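Build the complex: two chains, separate frames, hints provided.
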Amino acid sequence: MNQLATEEGYVTADGRQIGGTLMEMKNITLRFGGVVAIKDISFDIRQGEIRAIIGPNGAGKSSMLNVISGFYVPQEGEVWFKGYRRGPMKPYEVARLGIARTFQNIALFDGMSVLDNIMTGRLNRMKAGFLSQALWWGAAEREEIANREQVEKIIDFLEIQNIRKTPVGRLPYGLKKRVELARALAAEPQLLLLDEPMAGMNVEEKEDMSRFILDVNDEFGTTIALIEHDMGVVMDLSDRVVVMDYGRKIGDGTPDEVRNNQEVIDAYLGVSHD
Amino acid sequence: MLYREAGDFKTSYRDDGQTFPIRLDRWGYYIVLAVAFGIIPFIINDYWASAVFVPFLIYAVAALGLNILTGYAGQVSLGTGGFMAVGAYAVYKLMTAFPDVSIVIHILLAGGVTAIVGMLFGLPSLRIKGFYLAVATLAAQFFLVWLFNKVPWFYNYSASGQINAPERTVLGWAVTGPATSATAKYLICLCFVVALAWVARNLTRGTLGRKWMAIRDMDIAAEIIGVNPLTAKLSAFAVSSFFIGVAGALLFAVYLGAAEVGEAFGINKSFLVLFMIIIGGLGSIFGAFAGAAFMVMLPVLLKNVLVGSLGWPTDLAAHIELMIVGALIVIFLIVEPHGLARLWALTKEKLRLWPFPH
Numbered sequence: 000m001n002q003l004a005t006e007e008g009y010v011t012a013d014g015r016q017i018g019g020t021l022m023e024m025k026n027i028t029l030r031f032g033g034v035v036a037i038k039d040i041s042f043d044i045r046q047g048e049i050r051a052i053i054g055p056n057g058a059g060k061s062s063m064l065n066v067i068s069g070f071y072v073p074q075e076g077e078v079w080f081k082g083y084r085r086g087p088m089k090p091y092e093v094a095r096l097g098i099a100r101t102f103q104n105i106a107l108f109d110g111m112s113v114l115d116n117i118m119t120g121r122l123n124r125m126k127a128g129f130l131s132q133a134l135w136w137g138a139a140e141r142e143e144i145a146n147r148e149q150v151e152k153i154i155d156f157l158e159i160q161n162i163r164k165t166p167v168g169r170l171p172y173g174l175k176k177r178v179e180l181a182r183a184l185a186a187e188p189q190l191l192l193l194d195e196p197m198a199g200m201n202v203e204e205k206e207d208m209s210r211f212i213l214d215v216n217d218e219f220g221t222t223i224a225l226i227e228h229d230m231g232v233v234m235d236l237s238d239r240v241v242v243m244d245y246g247r248k249i250g251d252g253t254p255d256e257v258r259n260n261q262e263v264i265d266a267y268l269g270v271s272h273d
Numbered sequence: 000m001l002y003r004e005a006g007d008f009k010t011s012y013r014d015d016g017q018t019f020p021i022r023l024d025r026w027g028y029y030i031v032l033a034v035a036f037g038i039i040p041f042i043i044n045d046y047w048a049s050a051v052f053v054p055f056l057i058y059a060v061a062a063l064g065l066n067i068l069t070g071y072a073g074q075v076s077l078g079t080g081g082f083m084a085v086g087a088y089a090v091y092k093l094m095t096a097f098p099d100v101s102i103v104i105h106i107l108l109a110g111g112v113t114a115i116v117g118m119l120f121g122l123p124s125l126r127i128k129g130f131y132l133a134v135a136t137l138a139a140q141f142f143l144v145w146l147f148n149k150v151p152w153f154y155n156y157s158a159s160g161q162i163n164a165p166e167r168t169v170l171g172w173a174v175t176g177p178a179t180s181a182t183a184k185y186l187i188c189l190c191f192v193v194a195l196a197w198v199a200r201n202l203t204r205g206t207l208g209r210k211w212m213a214i215r216d217m218d219i220a221a222e223i224i225g226v227n228p229l230t231a232k233l234s235a236f237a238v239s240s241f242f243i244g245v246a247g248a249l250l251f252a253v254y255l256g257a258a259e260v261g262e263a264f265g266i267n268k269s270f271l272v273l274f275m276i277i278i279g280g281l282g283s284i285f286g287a288f289a290g291a292a293f294m295v296m297l298p299v300l301l302k303n304v305l306v307g308s309l310g311w312p313t314d315l316a317a318h319i320e321l322m323i324v325g326a327l328i329v330i331f332l333i334v335e336p337h338g339l340a341r342l343w344a345l346t347k348e349k350l351r352l353w354p355f356p357h
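Chains U and G, in that order, give the protein sequences.
Each residue of the first sequence is one higher than the one before, counting from 0 in numbering that gives the first Met the number 0.
Each residue of the second sequence is one higher than the one before, counting from 0 in numbering that gives the first Met the number 0.
Bound-form chain G, shown alone (with noise of 0.2 Å):
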């Protein structure tokens, strides 16, 4: 009843074919972007903005690269922190090395430098799969974090092994540095998040997503109506590394402002990222910033009711935040193995017939 397709006709297959296909749901996007764009840097500060906004939309990022290379190509990996390492030590270099051009062409191509990293070590991926494929990109993982950590070009040569962010300023407004203002962060990061997720929206449901799709699906099968394996594999690894490059990009550059690669780019930002897809959905746009918002706010909200309204020790709060998240994460997979997508979907079919179910 409140939510309807029927009635929703295209007439052309062009109609058919639209980003949001179902009438409500573009509206509700639309509401959405709006309220984004329109409402939230207005009334945006700075707690809210380290806390929720911010980290949320670069997660949303990464998960939507990752997600295109495990949920809709079938190649798990396990390299995403290794990779947002890669992005953030290129857009470090890019930054001191050409400080005259705009910020906004260093982190896409740090996506681009990110994207060729990720085909290399995408290689393994032609002869092995599954368990054995991330367990190689595990390598990845490790090695890049080594690496950025024992060549000090990548660094600078700075005493402390650290990367600091200089200030950079789009149109005026700084967006990263010490000066820069929670509205400044939001906006650049939500533009990111925007265009992207428009691309990865657009890549899935064309001809390269349907190739992905086959490989995932029935590796034997996609070769035999013409897929090559090896492009359709390594196109996969390409993109999703540049979501995830611009992801550690954004990461360093807007959110951070200094990072030591080991703390910032370890192997739990992998695992971090792992679940956010997985709790969202795998195979799904949707999923993607299921995964993201759930995985930052929990952990705020939590410690919010805990600290904020039951007056809990904050270090006693955090450690429970930890097992609650955890309990959670468990909870939800047994409930729903396909991630918040899914239930979002089934939500969708309920309220198609609520309040009559006949």
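Looking at chain U on its own, in the form it has when it is part of the complex (with noise of 0.2 Å):
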């Protein structure tokens, strides 16, 4: 049998009910050649919690989050989603089962507009035949309506309304990460997967970003699941954390749990070794 036992949720500490598990990962391990990137890590997200998963640089945590998307293959170890065991997928793949995620480096397409741009996340929902497109008639030009109808409500949701035509290249560091957000947010996806969403913002657009972020996940529940390096802004955003360290778990629980974690204040904090 490849169905999950779906676990009850909880209730977090503002009182959201979380859901049972949305996606787990079983013991999983990364290497590249030698270099073990993650060794053995095992942990769950439930519907509708913001999991953080931190560590210090060279954790694996992107490589963590990049076995997610289906961008690499595990050694060992399984991924399981929506109950189902997932085999090894081509990025894309991943995409329709309602897996979006946006990068570190931001990686929008420079050369389209933002409104084009965030139109590219519902490619999966566009299914206009070649001649409709071609002629521009029928179907294509009914799909390209509905589907701008959604995509206007999340620049509205993201207030970008003022950018919409502009080319993403012209635009500043901080409206780039929202747009990036923007086209992942299209896709309507269950699990969202944010890749140092705040990484070089300023206070202000934090603030903003950590707003949004929460927003998106109480208006349309979806399930989050980020990395990010300001202490400040996980142990307030995140539901539940998970800790790495040189590719291993070292903690995992709610923010107070894992603030309060030995081995997590030694590895950030550092240890003296005598």
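Source of the hints: derived by calculation from the structure; they are not laboratory data.
Predicted, not measured: the structure shown is a model, and the values here were computed from it.
Accuracy of the hints is not assured; some may be wrong.
Now the stretches of chain G that chain U is said to cover, found in silico as 3 or more residues with beta-carbon under 8 Å [claimed, not checked]:
no., region
1, 190-203
2, 224-238
3, 253-259
Which residues of chain G face chain U? A partial, calculated answer using Cβ under 8 Å [said to hold, decoys possible]:
no., residue
4, Y12
5, R13
6, T206
7, K210
8, A220
Think of the CB as a built atom: it goes at the ideal place given N, C-alpha and C, for glycine as much as any other residue.
Spelled out as structure tokens, the structure:
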């Protein structure tokens, strides 16, 4: 049987009901040649929660995200999503399952307008045939308009109406990050992966981004897994935190539990070797 | 002042996504179309048709095709000449094998054949990019020319190794063969150009176009959002080759009338069309037309000025002409690396403010 028994959820500190398991990583090990990037890590992501993955540089956080999004195939371990075991998949197949992500260094399409960039997020929902597209007749036009309406909702939500038609290459960094989030949201994912959504931002931009992340989770009910270095942000935003160091998992739990975990403190502050 | 976008409000997404979203542009294009269909056919003569209009229209189709592949999907190709040869030989074989079928269908089928060949030679693009892909398509260019030279079946075992277009008619008008009038040549090319430009615009503004541009701009991110690189790249090769095949078929059947593969569809053609889209502007439909116009009309213009107005000897003018064209290309690329399409866009931005700059 492939069906994974979903356990009951839990209630967060701020009173939100978290559902059963959406994604489960079981004993993941990932090697690049002789280098072990991830070593025997297991954790789960629950329906509707904000899950953070933290750790010092080189801990294997981004590798973990790449395993989830299908870029890397782990040598050992199992990836379970929505109750089914996921075999080795191409990234575009993973996208079709309902997993969207953003990148640490922005990966937008610079030559296209903001609107077109966000519309690409909905490519998987566009089914019009070639002929219909070539003649701009029937399905292609209907689909374009229907999806445009959805995209406009996201544009309103993220407050980027005024840059709709601007080529992405001309935008400042903070807005690019927001457009990338918009593109990921346009796919209406069940699981949203954010790789350092606040890297390189000033306090104000971080506040905006935090608000958007919370709103996305709250309004769309999207499950979010994020990697972030800003501890204040992580502790405030996330419901549960996985802490990694040198490819191992050294802590897992609510922000408060993790904060008081001796191993985590050692990893972050260093420990004297005497 | 002269050119305005302000006040041109859209109240539905349908309006916002139309072929020419800006009202002034729309009227401009309608006027161009009206002149192209309503006035030029009545005043065109043989010189203007064969020196300017027909080659401009045919190369515009080829440039549209290459621009879809290189400008929109980001896959460099030097095989344009070879693919045009496929279109030409396909239409020749079809014309001689099925004389009763309309030439329009033959030309479209020739495009289809080229699309299949193009997809085949596009397969390496799944593994290689940039210069390496250019070299792989260069192999296609040489292989195809060699093939059409060496296999007599393609030129129906004719003694000269040439292919000659027999006379075919559309609605009673000869469009191929020696008896074709300038008007007929012009009109059939114009119809193909308008229809294909419209298709190109539709494809590039829709789902497929976004997939191509996503692959061009960042292939890894494209894959993450759900674009299958295999289908995106191969569809770009197929559509692009279809356009180029139609251009090759028109070039042979309507314009040249007779062709020898090495001369008509050599590597020079590949570079010519590549220059057109680079000068015109990558990733722009307007750019394909601007580039084709530039590369076709500039030599004619120079020749008329040098020989006609200044009275230079023809042979000297022919050489100077090459040098001037080359120098102008370099100057253009230094002034505006993004091509004529960008220059046009900048002009429009200037015109919006003119004559009150603030």
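Per-stretch coverage check for the region 253-259 of chain G, three Cβ contacts closer than 8 Å to chain U: With 0 residues in contact (Cβ-Cβ under 8 Å with chain U), the coverage given for the region 253-259 of chain G is violated.
Interface hint compliance - G:K210 to chain U, C-beta minimum distance less than 8 Å: This interface hint holds because 6 Å falls under the 8 Å limit.
Given hint G:A220 near chain U, where the shortest CB pair must fall under 8 Å: With a minimum Cβ separation of about 4 Å from chain U (threshold 8 Å), the hint on G:A220 holds.
Coverage claim, chain U over the region 190-203 of chain G, checked by counting residues with Cβ within 8 Å (three needed): It holds, with 3 qualifying residues against the three required.
Coverage criterion applied to the region 224-238 of chain G (partner chain U; beta-carbon cut 8 Å; 3 residues): holds (count 6)
Interface hint for G:T206, Cβ within 8 Å of any Cβ on chain U: At about 4 Å, which falls below the 8 Å cut-off, the nearest Cβ of chain U leaves the hint on G:T206 intact, so it holds.
Evaluation of the interface hint that places G:R13 against chain U, nearest CB under 8 Å: Holds: closest Cβ of chain U sits about 6 Å from G:R13, inside 8 Å.
Restraint check, 8 Å cut-off on beta carbons, for G:Y12 near chain U: With a minimum Cβ separation of about 4 Å from chain U (threshold 8 Å), the hint on G:Y12 holds.
Violated hint: 3 only; the structure is consistent with all others.
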